[in-house]
Structure formats: C-alpha cells, structure tokens
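**Student:** Listed below are the residues making up each chain.
There are 2 protein chains.
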Amino acid sequence: MINFTVGPVQMDQETRNIAAEQIPYFRTPEFSAIMKENEGLLCKFFDAPSGARVIFMTGSGTASMEGGIMNFFTSQDKVLVVNGGSFGHRFVELCQIHDVPFTEIKLELGQPITKETLSKFDNGGYTGMVLQLCETSSGVLFDMNLVGDFCKRNGIFLFVDAVSGFLADKVSMKEMHINAVITGSQKALSLPPSMSFSVLDEAAQKRCFENNVKSMYFNYADYLKNGERGQTPFTPAVGTLLQLNEKLRRIDSNGGIIAANEEARKRAEYFRSRIAHLPLKMFVSSEHASNCVTALSPTKIGVNAHKIFEIIKDEYGIWICPNAGDLAEKVFRVGHIGSISKEEIDKLIDVFDDLVKRELL
Amino acid sequence: MINFTVGPVQMDQETRNIAAEQIPYFRTPEFSAIMKENEGLLCKFFDAPSGARVIFMTGSGTASMEGGIMNFFTSQDKVLVVNGGSFGHRFVELCQIHDVPFTEIKLELGQPITKETLSKFDNGGYTGMVLQLCETSSGVLFDMNLVGDFCKRNGIFLFVDAVSGFLADKVSMKEMHINAVITGSQKALSLPPSMSFSVLDEAAQKRCFENNVKSMYFNYADYLKNGERGQTPFTPAVGTLLQLNEKLRRIDSNGGIIAANEEARKRAEYFRSRIAHLPLKMFVSSEHASNCVTALSPTKIGVNAHKIFEIIKDEYGIWICPNAGDLAEKVFRVGHIGSISKEEIDKLIDVFDDLVKRELL
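Chains as they are written, first to last, in numbering that gives the first Met the number 0: chain A, 0 to 360; chain B, 0 to 360.
The hints are simulated quantities; they were obtained by calculation from the structure and are not laboratory data.
Among the clues, some could well be false.
A pair holds if it fits inside one copy or across any two, identical chains being indistinguishable in the list.
Said to hold, decoys possible - Here are the simulated lysine-lysine pairs, DSS-like style, with alpha carbons at most 25 angstroms apart:
(1) K329 to K346
(2) K213 to K356
(3) K151 to K306
(4) K265 to K280
(5) K105 to K213
(6) K35 to K306
(7) K224 to K205
(8) K205 to K119
(9) K35 to K312
(10) K299 to K312
(11) K151 to K114
(12) K43 to K173
(13) K35 to K151
Given only the sequences and the hints, what does the whole structure look like? Please build it.
**Tutor:** Below, the structure is given as structure tokens:
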C-alpha cells in the first residue's frame with residue numbers, strides 16, 4: 000500500500016531500521032543525553048527563544064492540545080479560539096471542558112484568517128489565543144505572522160497547534176511571537192504514532208509552574224522538572240524518542256528546517272501541478288494552502304469523495320485520506336508529508352486518470 | 000545489551016518484524032477488525048465476564064491508572080487504596096488530585112496483604128478498592144483471591160493495576176471479582192512502550208457513562224462509543240496495536256493464558272534457584288513473590304545496590320533494574336518478563352559470580 004494520508008505516514012528506511020531493534024532501558028545517563036539533544040534540536044527547528052523547553056508527551060496530538068489548555072490557561076483567562084475546522088473545534092471543546100473563558104472566531108472550513116477579522120478583537124482584554132498552524136481537516140494554512148503581530152500588540156499568550164504543519168510549513172516561535180507550539184510524531188516527522196511534543200518559551204513554563212493542574216499525567220511542571228535531567232515522569236515511547244533523535248540529527252545535517260520546509264513545498268507544488276487537468280477542485284486557494292495536505296472536491300456531479308477513497312484503497316492499493324463529518328462525501332485529502340517519492344505521486348495521478356477513464360471521477 | 004528490567008523489555012522477533020514494516024492508515028474496516036480481535040483476546044486472557052470491553056489508551060500505565068480513577072470514581076465514593084510501594088502511592092496521589100475520598104492501607108514495601116488487614120475494613124461503607132496485582136517496586140504479589148472475596152462480600156467495585164503482572168501472574172476477573180484491570184504494552188506483552196489497556200466489565204462501563212469526566216483525552220465513554228466500530232477517538236499507536244494482535248494470537252495458539260503464566264513461573268523459579276549461593280537476599284518471600292520480578296538486597300556490608308546496577312550496565316552490557324526512592328542503594332530488581340532465554344539468565348548469574356570474585360558483591 001502507498002500512504003497519502005496525514006498520519007501515520009510513510010517512514011524513512013532509517014526510522015524503520017531503528018524500529019526493528021530492541022528498545023533500551025531508559026532510566027540511564029545515556030538515554031538522558033539523547034533526550035537533551037532531542038530537546039535542543041526541537042527548540043532549534045521551532046526557532047524557539049533561549050530558555051525554551053520541550054514536553055515529551057506519550058499520547059496523540061490531542062493529548063498535547065489538552066495538556067496545553069490545562070497548563071497554560073485558567074478560569075481567569077480570556078482566550079480567543081480560532082475554529083476553522085474539526086481541530087479548531089476541538090480547542091473549543093477543550094476550553095469548555097476545562098472552564099477556560101473563550102471567544103470563538105468561527106471560520107468556514109478552508110477560510111483563511113484576515114487582518115480585518117483579527118482587528119475586531121484588538122483591545123478586547125484577551126489574555127490568550129489558540130489556533131492551528133494548518134487546520135488539517137481543510138488544509139488551510141493560517142497566516143501566523145498576522146496572528147503573531149496581533150498577539151504581540153495585545154500582549155496575548157499564543158498557543159499554536161502545529162501538529163501536522165511542523166516541518167511542512169514555516170513556523171518560527173521568535174518571528175511569530177509564539178509562546179507554546181505542538182507537533183506530533185506521526186506527521187511530517189514520519190515516526191510511528193505514539194507521541195506529541197510541545198515547545199514552551201519561558202512565559203509558558205511560568206504558567207505551568209503557577210497553575211495548579213488537576214492531573215498527574217498532564218502535569219507539565221512535573222515534566223519540566225524531570226526534563227532537567229533528561230527524563231520524563233512516566234515511561235515514554237522510548238523507541239519513538241530514539242527514532243526522533245535520528246530524524247532530527249538527519250534534518251540538521253541536511254540543511255536544517257529551511258531545507259525541510261522547502262522540500263515539503265516542492266512536493267506539494269509538484270502534486271498540485273499534476274492535478275490541473277483532473278475534475279478536482281482545490282478546496283483551499285493555493286496561496287492559503289498548507290504544504291502538508293491538499294483537500295480536493297470532485298467537480299463531476301454525483302461523485303462521492305468517500306467512495307473514491309474506498310475504490311483507491313481497495314482496487315489500487317493506495318490510501319488517500321477521507322474527511323470526517325459534514326464534508327465526508329464531498330472532500331477527500333491527499334497528504335504530502337512522510338517519505339513520499341515523485342514516482343509515488345505519479346502513480347496516484349495515474350490512478351486518478353484511470354478513474355476518469357472509468358467515469359468514476 | 001541484555002535487558003532484565005521491568006520495561007521496556009526484550010521483544011520477540013515476531014514483534015520486531017512488524018516494527019520494521021510501514022504503519023497502515025487506520026480509519027478503515029480492516030484495522031477495525033484487528034481492534035475487535037484485540038478486544039476479544041484481551042477479554043479472554045483476563046477471563047472477563049461477558050459484555051466486557053477494552054479501552055485502548057495511548058499513554059503509559061499511569062495514564063490508565065489516572066483514567067481509571069477519573070472514570071470509575073467520584074467524590075461520592077469511598078475508596079480503599081492499598082499503598083504497598085511507589086505504584087500504590089501513585090493511586091493515593093491520584094485520589095487526592097481527583098477529590099476521590101479514600102482510606103489508605105499502608106503496607107511496608109514487600110509486605111503482603113492479609114485476611115486480618117482486610118477484615119478491619121469489612122462493613123466500612125467502602126464503595127471502591129484499588130491496588131496493584133504486583134507492586135513492581137518490591138515484586139510483592141497481592142493475594143487477589145483474598146481481595147476479591149473481601150470486595151464481593153462488601154459490594155465493593157474493584158479496580159486492579161496489573162500493568163506488570165498480567166501474563167506473568169494469574170489474573171481472572173471472574174474468579175477474583177475484578178471490575179476493571181489494566182496492563183501495559185511494554186511489560187509481559189513485550190511490545191514497545193506507548194500504550195496501556197484497560198478491561199472493563201459492565202459495571203465499570205456503566206460508571207464511565209454516568210460519570211461526567213472533565214477530560215477529553217481520558218473520557219472513557221468516548222472510547223467505548225468509538226470502540227463499538229473498532230476505533231479510538233484519537234490516533235493510537237497503530238504499530239503497537241498490530242504487534243499486540245500478533246502477540247495475542249500467538250499466545251492463543253500456544254496454550255493461551257495458562258501456558259503464558261506457567262512459562263513466566265518457570266522462568267522466575269529458574270532464576271531464583273540459581274541465586275541461592277549468592278550474597279543476595281530476596282526482598283519478598285518466595286510465596287508472595289510475583290513471577291514478573293525479583294527484588295534483591297546485597298547482604299554484604301557496604302555493597303551499594305545502585306552501584307551494582309551501574310557496574311553491570313557499564314562493564315558487562317546488561318541492564319538490571321535499579322530501584323528509585325529510599326531503597327535505591329539497598330535494593331535492585333531483576334525482571335523476568337519479555338523475551339529472555341535461560342542462557343541469558345545463566346549469563347547474568349556468571350556476572351554476579353564474577354562480581355563476588357572481584358569482591359564487589
């Protein structure tokens with residue numbers, strides 16, 4: 000099977016080689032040194048300010064979304080939540096669950112965020128803002144420079160979910176005034192699903208230490224304390240952390256984050272240049288599309304997007320990514336993250352062409 | 000390195016083969032079928048009553064300890080917590096964090112639970128009880144028949160942490176009147192650390208649906224609903240779940256849980272029979288020792304247990320398991336779970352003999 004979903008994605012051979020090995024015992028100085036290196040390289044690739052630290056969470060991206068809401072905010076905050084799709088909606092639900100007062104900026108699926116939208120909330124007494132870098136359900140990339148400037152001029156704490164965007168799209172904590180940001184193991188890092196990673200600046204760490212979190216597993220203060228000696232409070236997905244180390248070192252020696260972003264951009268552009276002749280419409284305009292995924296609507300009347308996913312899976316041995324919810328029958332997505340070759344993209348285009356020939360698309 | 004810790008432990012070659020493969024997309028009927036089979040086999044091996052279900056949690060054993068406390072109990076409960084070591088103490092802390100009223104049964108490290116201890120709490124108005132099957136910090140195995148009888152006659156909901164005990168020591172939900180029980184991926188199942196699994200009888204499920212849990216990631220009602228279609232609410236450690244499936248099927252075709260328990264018993268007995276001549280004292284008497292681990296105290300004055308762990312790691316390429324906390328310098332542990340051969344045990348005994356010869360032990 001070829002995998003064009005947005006996670007788990009295809010792993011590099013180097014990652015698979017480590018996966019095949021035995022997993023070492025981890026309460027050792029040897030493993031601590033690896034963790035310290037992981038922390039340093041993640042801070043470097045997120046362009047984090049000095050003093051930043053990393054929370055290594057064994058759990059999905061949602062675990063770190065929830066951990067962030069619990070540790071960074073309280074009932075004394077007033078948070079702006081951008082809800083531009085199913086992941087934005089998850090932030091809304093998390094604020095509700097944890098009694099964090101919030102105002103929702105509800106966007107249509109795929110709609111970008113604008114200066115005009117944000118300016119309405121200037122001087123609104125907001126203390127926090129949360130949003131996705133890339134709303135994976137539509138593939139829209141939010142303009143984080145715009146958001147960062149807004150947060151800076153309003154003194155707002157900015158928490159960004161870059162679970163699927165990191166490595167594919169540019170994210171700089173310093174330039175974009177981001178206080179805390181997440182990514183996940185099974186997205187562009189192309190490791191097995193099992194962990195998510197949060198980079199916290201000093202202001203974010205301060206919030207963790209001041210906040211009395213009613214949770215053991217999500218108590219970031221405990222993670223920060225254990226992290227000082229390169230450890231986690233609970234047994235992490237040790238194998239994933241070793242694979243992370245190899246991947247981060249490889250990125251570092253292959254041109255770093257700029258080269259990684261550029262590679263993702265080229266891959267997304269190549270795919271998008273190859274679909275122009277097909278009866279598929281990009282759900283998000285090119286200028287606002289993330290490099291991590293392309294959401295597509297079949298333009299021919301009567302074509303069901305979920306059915307296309309099923310046919311491609313069952314008859315061609317390829318996974319594209321179905322949408323959930325309201326748009327399940329209208330939109331499917333093609334991911335560009337993970338170890339995907341040009342030849343594999345060409346193969347997928349051949350499949351689309353064949354479906355057109357068969358009058359199924 | 001040879002690994003005699005209690006997790007992560009040595010994986011079987013079959014598990015490593017799967018680890019080396021690409022990880023499939025999982026929102027498919029194909030993966031759902033595997034998950035349904037995982038659920039059925041875990042229920043079978045825990046000897047669960049009909050109607051039992053499984054929560055597949057991406058997170059360490061502690062995640063499922065906390066999830067259990069949050070989902071099974073409320074401030075209206077009155078829970079007995081057996082605190083016989085660092086994992087029992089964790090249950091105490093979890094009840095405190097989540098405002099669950101409790102009474103602590105504090106035992107010395109390694110001390111078994113007795114009929115006399117339990118009888119003091121008969122008719123005490125308790126609604127719940129939580130404890131370890133095997134308190135991994137000492138290796139003591141609690142008499143779960145005794146505990147189950149006590150809970151049954153008092154109408155108490157019994158939640159058992161069998162994270163390290165499952166497969167190594169007998170656990171039967173039916174015979175021991177257990178309502179909910181946990182295990183972890185990196186213990187006797189010998190999979191990579193990343194997941195923990197909770198088996199819930201119908202009473203436990205009812206508590207999850209009635210309880211208004213202030214958490215998204217630990218909302219078991221959501222897991223139970225998604226589980227009906229063989230899915231999880233959030234991206235799980237898909238690779239681990241495929242390895243789990245292969246392992247459970249292999250156990251099933253090799254004599255099932257009885258054979259697995261027997262194999263663990265024999266391995267523990269073999270190790271214990273080989274150390275009789277050494278200046279090491281078993282921290283827990285044989286009759287109360289779990290098959291998953293042996294805690295040992297060096298008997299020679301001046302020998303530091305943590306130093307022994309370090310020497311064996313650095314000079315012999317073997318990990319035994321250090322203790323944390325008060326006993327770090329007095330006790331180390333040797334795990335018997337995972338893919339460990341007789342030859343590897345013999346090698347460890349040779350190392351102990353050599354240390355005696357070098358007058359270090």
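**Student:** Please work out whether the CA atoms of K224 and K205 approach to 25 angstroms or closer within one copy, between two copies, in both situations, or in neither?
**Tutor:** within (12 angstroms within a copy, 37 angstroms between copies)
**Student:** My question is about K151 and K114: at a cut-off of 25 angstroms on alpha-carbon distance, are they close within one copy, between copies, both, or neither?
**Tutor:** Only inside one copy: K151 and K114 sit 14 angstroms apart there, 64 angstroms across copies, limit 25 angstroms.
**Student:** For the identical chains here, do K205 and K119 meet the 25 angstroms Cα criterion within one copy, between copies, both, or neither?
**Tutor:** neither (29 angstroms within a copy, 46 angstroms between copies)
**Student:** Have a look at K265 and K280 and pick one of within, between, both or neither, based on CA distance no larger than 25 angstroms.
**Tutor:** Within. Shortest intra-copy distance 20 angstroms satisfies the 25 angstroms Cα cut-off; inter-copy 64 angstroms does not.
**Student:** Up to 25 angstroms between alpha-carbons, please classify K299 paired with K312: within, between, both or neither.
**Tutor:** Within. Shortest intra-copy distance 20 angstroms satisfies the 25 angstroms Cα cut-off; inter-copy 65 angstroms does not.
**Student:** How would you classify K43 and K173 at a CA-CA limit of 25 angstroms: within, between, both, or neither?
**Tutor:** within (11 angstroms within a copy, 53 angstroms between copies)
**Student:** Is the C-alpha distance from K213 to K356 at most 25 angstroms within one copy, between copies, in both cases, or in neither?
**Tutor:** neither (58 angstroms within a copy, 52 angstroms between copies)
**Student:** Check K151 against K306 for me: Cα-Cα at most 25 angstroms, and say if that holds within a copy, between copies, both or neither.
**Tutor:** neither (45 angstroms within a copy, 52 angstroms between copies)
**Student:** At most 25 angstroms between C-alpha atoms: does K35 with K306 qualify within a copy, between copies, both, or neither?
**Tutor:** Between copies only: 24 angstroms across, 46 angstroms inside.
**Student:** Checking K35 and K312: alpha-carbon separation at most 25 angstroms within a copy, between copies, both or neither?
**Tutor:** between (41 angstroms within a copy, 21 angstroms between copies)
**Student:** Are the CA atoms of K35 and K151 at most 25 angstroms apart within a copy, between copies, both, or neither?
**Tutor:** neither (30 angstroms within a copy, 49 angstroms between copies)
**Student:** Within a copy, between copies, both or neither: where do K329 and K346 come within 25 angstroms Cα-Cα?
**Tutor:** within (23 angstroms within a copy, 62 angstroms between copies)
Of the hints listed earlier, those the structure fails to meet are numbers 2, 3, 8, 13, in rising order.
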